[in-house]
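Colleague: Sequence:
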Amino acid sequence: MTSPATAAPTAPAASSALGRLSGGARGGALMAVASMSCVQLGLGLSVPLLDQLGPLGTSWLRLAWAGILLLVLVRPRPSDFTRKDLLACTVLGAATAGLMVLFMCAVTRIPLGTASALEFLGPLGLSLYGAAGGRRIWALFAGVGVVLLTEPWHGGTDLVGVGFALAAALCWAVYIALTQKVGDQVTGLKGLALSMPVAAIVATFFAAPTELGHLTWPLVLTGLALAALHPVLPFSLEFLALRRLTTTAFGTLMSLEPAIALAVGLVILGQIPGPASAVGVGFVVVAGIGATRAGARTPAAADGAAGG
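For the sequence shown, UniProt numbering begins at 1 and goes up steadily by one.
To be clear, the hints were calculated from the coordinates, so they are not data collected in a lab.
Heads up, some of the hints might be wrong.
Claimed, not checked - Pair ranges (Cβ atoms, derived):
| no. | residue 1 | residue 2 | range |
| --- | --- | --- | --- |
| 1 | Leu159 | Tyr129 | 40 to 46 angstroms |
| 2 | Thr108 | Leu140 | 37 to 43 angstroms |
| 3 | Leu45 | Leu73 | 18 to 24 angstroms |
| 4 | Val72 | Val144 | 41 to 47 angstroms |
| 5 | Trp217 | Val72 | 31 to 37 angstroms |
| 6 | Thr108 | Leu266 | 23 to 29 angstroms |
| 7 | Leu71 | Trp217 | 34 to 40 angstroms |
| 8 | Val72 | Leu215 | 17 to 23 angstroms |
| 9 | Leu266 | Gln52 | 38 to 44 angstroms |
| 10 | Pro48 | Gly27 | 33 to 39 angstroms |
| 11 | Val47 | Phe205 | 33 to 39 angstroms |
No residue lacks a Cβ here, since even glycine has one placed at the ideal position from N, Cα and C.
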């Protein structure tokens with residue numbers, strides 16, 4: 001006779017487990033959407049800083065403050081990391097710096113819509129690579145939606161700008177994969193608190209030599225406020241979201257960012273989207289819903305993340 005301790009889970013117990021996984025996926029999706037909203041709000045509020053420091057200087061100042069804030073708030077210790085963890089955090093920091101700096105370089109040479117469409121090839125490629133069977137349809141929906149939203153056919157053909165955007169796409173894919181890996185292995189936000197100072201140091205080599213002379217105390221304080229909004233808050237939310245979602249689902253959900261930007265433009269700036277953009281919103285919303293429903297991590301992965 002099978003003992004109660006070894007009996008197979010009852011239907012209610014299995015249903016409860018599935019419910020917890022589904023709730024985890026929904027929670028992760030909400031965190032991802034909140035992260036994207038913070039990014040868009042941060043970009044909107046960064047316009048005065050961009051006018052005075054330029055895109056490289058603005059990225060560097062935000063990363064520098066973000067690294068300081070996370071070190072002070074999280075206070076990671078060397079004993080919190082293995083040698084492999086330290087290597088992963090270092091590479092993640094370099095990818096984070098590359099993502100922010102290279103994208104800023106791209107938008108100075110090609111239109112934002114074109115740069116956004118090219119950059120999304122990173123998470124889209126990750127979604128297609130990690131998806132199995134019918135789940136790939138959500139990544140394809142997302143890709144079509146982003147193209148319709150950004151309308152890259154209206155953009156320029158600056159090959160250097162295109163190269164910057166494609167390099168940013170590669171950094172974004174690496175960022176997503178390593179964020180989940182580091183988040184699973186290191187407790188809390190300690191991995192982020194280590195990777196962000198690395199990102200600031202890497203960005204310093206690109207921006208600081210030419211931008212330090214333009215800094216004033218008002219700009220420094222403005223950079224502190226903007227760093228809290230982006231990247232500290234959204235990157236923290238993404239760390240937590242990737243403990244609940246697969247990289248495939250998370251990469252697909254990133255397609256919602258242009259739609260969020262479109263909504264912000266409509267509500268705040270009165271910018272009415274064209275027919276292609278409206279259809280694009282529909283595609284990415286459907287993709288986001290599908291990715292969330294199929295995007296919960298397996299129990300073993302979720303338990304490992306919680307324990308890590």
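Colleague: Now tell me, hint by hint, if it's right for this structure.
Modeller: Going through the hints against the structure:
Separation of Leu159 from Tyr129 is about 26 angstroms and departs from the stated range, judged on CB atoms against 40 to 46 angstroms. Between Thr108 and Leu140 the C-beta distance comes to about 31 angstroms, which lies outside the given range of 37 to 43 angstroms. A beta carbon spacing of about 21 angstroms between Leu45 and Leu73 agrees with the range 18 to 24 angstroms that was offered as a hint. Checked against the given bound of 41 to 47 angstroms, the beta carbons of Val72 and Val144, roughly 43 angstroms apart, stay inside it.
Under the hint 31 to 37 angstroms, the C-beta atoms of Trp217 and Val72, about 20 angstroms apart, miss the expected range. Taken as a hint, the range 23 to 29 angstroms holds for the pair Thr108 and Leu266, whose Cβ atoms sit roughly 26 angstroms apart. About 22 angstroms separates the C-beta atoms of Leu71 and Trp217, a value inconsistent with the hinted range of 34 to 40 angstroms. The given range of 17 to 23 angstroms is respected by Val72 and Leu215, whose C-beta atoms sit roughly 21 angstroms from each other.
Against the hinted window of 38 to 44 angstroms, the Cβ-Cβ separation of Leu266 and Gln52 comes to about 28 angstroms, which falls outside the hint. The beta-carbon spacing between Pro48 and Gly27, approximately 35 angstroms, falls within the hinted interval of 33 to 39 angstroms. Distance hint for Val47 and Phe205: a CB-CB separation of about 26 angstroms, inconsistent with the stated range 33 to 39 angstroms.
Hints 1, 2, 5, 7, 9, 11 from the earlier list are contradicted by this structure; the remaining hints agree with it.
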